[in-house]
Amino acid sequence: MRAVGESLQRVDAIKKVTGQAQYVDDIIMPRMLYAQVKRSPYPHARILRIDTSKAEALPGVRSVITGDCYTKRCGLYLEDKNFLAVGTAKYRGEAVAAVAAETPEIADEAVELIEVEYEQLPAVTNAVEGMKPDAPLIHPDLHTYKVAPIFHPVPHTNISHHYKLRKGDVDKAFEACDVVTENTYYIPHVQHVPLEPHCAVAQYDLDGKVTVWGSIQSPYAVRQALSAAFDIPLNKLRVISPYVGGGFGAKAGTTLEGIIIPLARRNRGRPVKLNYSREDEFENSYVRQGLHCRIKTGINRDGKIQAVKNEFVWDGGAYTEYGVNITKAGGWASAGPYDIPNVWTDSYCVYTNHPVGGPYRGFGMCEIHFAIEQNIDEVALKIGMDPAQVRRINGLRPGGVTGTGEVMEVSGFHDCLEQVLEDIEYDKKPVDPSPTRKRGKGVAAGWKSPSQPTNAGSSAIIRMNEDGTFILMTSGQEIGQGSETALTQIAAETLDVDPALISCRFGDTDHTPYEWQTVASRTTYCAGNAIKLACEDLKNKILDLAQIKLGAYKRDLEFRDGFVAHKLYPDRKVPLSDFALGLSFPDGSGVGGPAIGVGCFTLENNLNVDHDTGMGSHPAAFWTIGCNGAEVEVDTQTGHIKVLKMVSCFDAGKVINPLTYTCQSEGAMVQSLGTALFEELKLKDGKVLNKSFVDYKIPTADDVPELVVKYVEHPEPTGPYGARGVGEPLMVPGAPAIANAVYQAIGVRFRRMPITPDDVLKALREQQENEKG
Amino acid sequence: MKAFEYYAPAALEEAFDLLDRFEAEGKLLNGGTDVVIQLREKLIAPKAVIDIKRIPGLRGIAYDPEHGLTIGACVTMNELGNEALVCTHYPTLAKAALSVGSKQVRNRATCAGNLINASPLADTATPLLAYGASVVAVSREGEREIPLDEFFVFVRKTSLRPGEIVTAVRVPAIPGANGVFTKISRRREVDLSTLCATVLKTGEGWRVAYGSVAPTPIRLRQTEALLDAQPLTEERITRAVELARSEISPISDVRASQEYRLEVAGVVLERSLRALM
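Same order as they appear, the protein sequences are chains Y and E. Residue 684 in full-length UniProt numbering is what sits at position 684 of the first sequence, and the numbering runs on without skipping anything. Residue 178 in full-length UniProt numbering is what sits at position 178 of the second sequence, and the numbering runs on without skipping anything.
Hints were generated in silico from the structure; no laboratory data involved. Some hints could be false.
[Unchecked claim] Derived pair list, reagent style DSS-like, types lysine-lysine, alpha-carbon separation capped at 30 Å: (1) E/47 / Y/682; (2) E/42 / Y/684; (3) E/157 / Y/687; (4) Y/762 / Y/682; (5) Y/15 / E/157; (6) Y/642 / E/157; (7) Y/54 / E/47.
[Claimed, not checked] Not everything, but these chain E residues come out facing chain Y in the computed CB check (under 7 Å): (8) 141; (9) 143; (10) 186; (11) 187; (12) 188; (13) 190; (14) 254; (15) 256; (16) 264; (17) 267.
Cβ atoms here follow ideal geometry from the backbone N, Cα and C, with glycine treated the same way.
Same shape as in the complex, but just chain E (with noise of 0.2 Å):
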């Protein structure tokens, strides 16, 4: 591993200073499990480190029936997954974060820095794509709300500007809405998806989200169209079961290969909608 300075910077400014100054080679870093691989495989090689977690006000869990939920950027994995408000009100969200490797890593690991390290298997990723969560950035120009499925572009790749820190993910309340998060993997516990997915039904309709079978995690919009139109048969299921196979891209990879995927992708589909029937 390179030598790098570290910063904790005690405010949000500081840290823009931080940006200001080491632009390109200021690497933010907050759980770490993504960054410190990354440091460690030399995957990256920066001048300064900086550490967003001593910001104050990154580390709240907020949530009333009108604006839904705000999770802060540095809220960890078990933090949220373990959160009463997000069990009750966002139970897929709970168990995604829950899913994600091994209860230490959640002890580090953040929600936010799941989505920004943009996996195309991000675990989180699916129930909040499905309840069409945001990404609050923040920078010297001021606050933007971007949008998920706007902010991961490709493999490992956000709608980020340069200057740019997430101070929190927003996720929109829908009363009613109900729904099943699957993980497929190869073991359950500890490990990384194979697959992954949130089915949601919503008082309008279906919300559809995959996780590993496309360069970002996705929602299939012509599934969700299909299955909103008219109500859930045992012909429309097998339909969007197809449709929802060509909707996807999958790869083979060293953890599954294409058609495996494929295959699943529609078992997964369907398991979720006679669930959610």
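Chain Y with its partners taken away, still in its complex shape (with noise of 0.2 Å):
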């Protein structure tokens, strides 16, 4: 192969390092306004009066406008969210009223000015209580809301989705079964942190288009989205993203632009923007949902696990609309990569009047394994096994069945784990340095499926220049985890030519062509198949004139190199950018038109589960399987936890560029370790105690241990050259290998994220007691 599998330097290289890239807020234009958010203090309160006369009456602001002007609700799964909150504020720091205004001075001077009443009212802030029946609602007219028919709202609940997964006989098992245990964990709050904050422009012309320019990683979608709150023909919206400075699922859904579409539409023909701080960023945009977590495991004395039971419930926050997903994607997740004969999972969503939860890296992922897989680790102890072992035993073989009685013809589980074992020395006993300074080993297993509607599309266009470069279209949108570069990959193997060649466009829904969402690892898988499929197009419309200008059958023509050559007589070959404008003759005719290829890709025959059981034949996508090894070393005197090393193997499948599959990996990686060590979004009452990284903090460089990188490459038989998503799953295992290594270390099990040194104190000094006790 020419471009698939190789180390490509990124495409987008030179215009990121030399700050060349343009992102949202790199866009100024004339007569712009600039727009501030008057945020409720409360997490739950009524909204009896807003007067916004005094900041009407401020020199310099152009409109204010309260939840009463836009009073439709919307939502991608779940039509629950206002954008400007109606009637109650649901959590602290939701918009109430905004403004627009000539300098962005004006508008924060503006937004002081507005008088908000307030009547509190009592606040979920534990999704627990939230489910019990006398908690206060949070949306009391959930049952008339809008939803999907695959969410299962509880009316007059707090639940605005319950996820059933029924398979086999649970309770039959547990009687059967030589040991029954059960766990609990908790995993918080966190956030994003992308680099770059949520920023938007929104423009309503004369004429009635609207053009949204935002840092998005999904521009359709969202074009979607705001099509239906804001009742505007898909033809007049245009949502422009260009490069995203970092999305994490962060800016998957919509944020901020509903907040500027109605400004722009009194103030038409201005551009109206607004930035978020990172502040904002914490408590305003999205967050991680948290997770309360219980596990009742059967297991024989043998290693096989015989039966799960899982509750898992979910701190939604204020709105669900896109949360309800993630509950849904935890439940059908539950099994883990295991082959289990029977589960049973009950998986919640539920309101809280926390910050809204939506998508994050791992889609629930990540959340539901540092439960599961430190799980194993203690099953297999009270069976006096090794971890290890009860993983090879109960891990999904090719032929396997999952949770949901989907049959995996595919599965590199077992290959990933003895390459873990190995990368980290798994067989070998750390030396601890110092009485005080304990060192110990984990691993940890994870997958991941695209959690996307069943009958999600993609789409691309190939455009061949003159000269025989290309033009790439595709809204697969290029948000820093390299799919720009892998995409031109696929492109340049398809047409076999040099990727130097061909130029991607993405992020423009009047421009370059449908794509369902940039999320759930699915772009090089999705949007790469919809590529193959339009250069495959291309290519079969150009060796069709190829066959008349070489003499030749199409059969015996190939593309190789930037040419129609024959595949017998190689000599015989015409340049590509020969057919660029159609083929033309001696006489001055010509046939074929212009070179465009075109791809259109859904997944046949990917199902539905069934209503109440959560089973199905073909439910997921694919499934993406690996695992990580983590060494640490525990200061057992200050509760200090060092990683010194982490390794990970998955099955991509397919590779198809080394260079950032190892990018991606190393950061999740490191990605995981914060969240395993330092992060939790810390709320009391509702409010959120540390929303900058004064006392929010991520690993810096010199938190980054060895690390050590590897794959596998089992193809997936519907992807692009073998290829299966890779991007989110490659963090899911990282936090339950450290904790699983901190547990070896120090004799610890640690059921809640993130693991601090006072935590390590704390449960050494308790461990100490109940030794002497």
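Two chains, each in its own frame: build the complex with the hints.
Here you go:
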């Protein structure tokens, strides 16, 4: 292969390292207005009165809006959201009013002049409490909300989705098991902390055309949501997303775009910009949902897990239009990458008066695996077996059956596990450097499938220029993950041309073709498939013309290094550029027209699961499976944990670009390390206590351990060149691998992330007291 | 951020004039790593911001064995921490200075500002307290030197009087002094201290200073007295650790619990003493 499998340098590298790449905040337009937002100081409060008169009177203020201006609810899967609070404010920081002004400073000042009178309401600040019948209702009209048919809100409760998985007979299986355990875990809210905070500009033209420039992962999904919310026909709404400075899920849905559109509508012809601060990012964009997790496990002494019963309670925050799908994803992956005959899972999405939960790299998998993968270690120790052996025994093999009853045709589980065990030198017990510095090793596995609608669509267009170069058009977004490079490589491979001859364009709903979303680790797979089809379409059209030109059957011709060439007589070849505008004849006539290839992809036979049992024959496009290993050192006197080494091995199907794969894997390990040791949104009575980098810590370069990246390649039958998505799965087992290593080091099981020095010392004190007692 | 007038006086006299004119509504600006945040978060809303960085004579570091070290008010943390004289004669101070924030922050932040901000966890405060440093405050009435332990009054409160400008920090020379600076933080780089401490062994005895365990950075006088009394034995170390824990009054906050700080304060003392034995 000429392009796929090559470590091509990122095609966007020069623009990014020189600062020339354009992001939304770089957009400055004539007559631009600046927006600012008035936010609720209470986690739950009825809005009694909003007086905007003083703000409106301030010179330089153009418009002030409140929730009353736009009462229509919207949402991706469940229409429960207003961009500006209507009736009640449901989390601290929720937008209750917004202004557009001539300068950002005037906008700031105007916001201060808006007077809001509230009546505080009892708040739900714990999801488990929020499920109880006497809990205050955050969305009393939930039963009237429009919802996608695969989601099941429970009327007159705070439960916006109850996902059920029922496989086999868990109760009967537990009775027959040698050992039955039950463990609980808690995973707190964290934030994505993309380098670039959310930013958007909206302009309403005089003829009704609306353009939104945003830091947006999924321009088409955002276009759809905004169109529904503001009754704008899709042909009159253009969403443009230039480079995105990191998304990690936080920019998949709609956030601040819905605040500026009504302001732009009142100021036709003038662009309105809203830029979130880092503090906004923590409280007012999206956060990863919190999770309360209970796992009951039945295992026999031979190491075979017979039954698992899970209860997942997700702290969804004030709006769960997106969160309901995380609850579903967590539910259907709840058996982990294991072949377990009996599985029962209840996964609940619960409204709380917390910041809005949304997609975050892993889409529920990092959270549930922190529990699942520690639980595997716990049950292994209960039966006196090495945890790695329990993983070997239960791991999904080709032909194995998943939790939802799907047969795994391909599985690299065991290859990944053995590779990780080898790279972390699992059999070599680490040596403690001193009695107060203890070392341990741990491994964890993980899996993920794209949580996309079963009929999610992708399309691509490839255009040949007159000189034989190409413009590739997709709406698979470059959000820092390297898609522009990988997708270019797929096109170059299919056309058998130098990747440098292809320029990629994306992120403009008026010009680049439909793509459901850039989420779910699906871009290489879905957009990649569409691009491969587009390139094949172009090839097919050109070969039709080349038959005439070369006087040879199409079946004997091929694309080779920028030429159409005869397979048997390699010297008989014509440069591709000869066909760029169709084929011309000596008499001056032509046929064919300009060369454009079109590719449209929907995965066929991808089916919904059964409503009552959660079972299905092929609900997932594919599953990406892999493992992490970690070695840690714990200072038992200060409680500090230093991660010395992390190793990774995943079954990528086919690695399109080993260099960018390695970067993704390294980034994933570091991000998982952050959640394992540092990151937590500290919430008290609905208030985020640490909404800046002063007290919300993410890893620095100094915290990065030795990283070993490996992969195996069992091709995905439906993937482009065998590839499956890896971006999110790579992060999934990192945190539990660290937690398992900490257990081996000091013998303490931490059922909560992050594991802080404070927690370590407290646990060691308790351990000491227990030993004495 | 509320609009303010910005002044950059070229001489101390000019700065005094501005302070006279704006009184409590004038805010002195040095590196700005605290003041700008206070402005941005609307904790202060001064009428005038008076930048002292253009005043000549505030940028130098001077050392002689007799008078010790003089650190100009506008000397940055990076300048201080990387100065060879400081690294040689006051290594704990150099280490503390380089532990503040990030490299970018240290390019702006100053040692004098770190003290004037009077945070309980000021990183450079503990080595300076241990060395018996003082702050040089100048006003129209003249110059006075305020010993650091009298300079800190309470959380973010100093004994500076209205109209006074800090021009330097003076640190006595203590020949043969040997010390350990420790910073306990959630993350090793770019973090605030959960707890910080300097333990200094001088010819005469021990000096122990802690940050983030009381409303101000403090010296642990009783612990010092215990350590001074007799040679360091295992038993004395144990007693010193216990005494130190009783001498401090940390709180629980978003960074750590009171219990954690109490426990680790002892660990830091023990480790420092063993390193200096």
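Each hint, compared with the structure:
1. E/47 / Y/682: violated (35 Å)
2. E/42 / Y/684: holds (22 Å)
3. E/157 / Y/687: holds (28 Å)
4. Y/762 / Y/682: Distance of about 19 Å is within 30 Å: holds.
5. Y/15 / E/157: Between residue 15 of chain Y and residue 157 of chain E the Cα gap is close to 48 Å, so the pair fails against 30 Å, i.e. violated.
6. Y/642 / E/157: violated (37 Å)
7. Y/54 / E/47: holds (23 Å)
8. 141: With a minimum Cβ separation of about 38 Å from chain Y (threshold 7 Å), the hint on residue 141 of chain E is violated.
9. 143: Interface hint status for residue 143 of chain E: violated (35 Å vs cutoff 7 Å).
10. 186: Holds, because the Cβ-Cβ distance from residue 186 of chain E to chain Y comes to roughly 5 Å (cut-off 7 Å).
11. 187: At 5 Å from the nearest chain Y Cβ, residue 187 of chain E passes the 7 Å test, so the hint holds.
12. 188: holds (6 Å)
13. 190: This hint holds: residue 190 of chain E lies near chain Y, its Cβ roughly 6 Å from the closest one there, short of 7 Å.
14. 254: Holds - the Cβ of residue 254 of chain E comes within 7 Å of chain Y, reaching about 5 Å at its closest.
15. 256: holds (5 Å)
16. 264: holds (6 Å)
17. 267: holds (4 Å)
In summary, the structure is inconsistent with hints 1, 5, 6, 8, 9 from the numbered list given earlier, while agreeing with the others.
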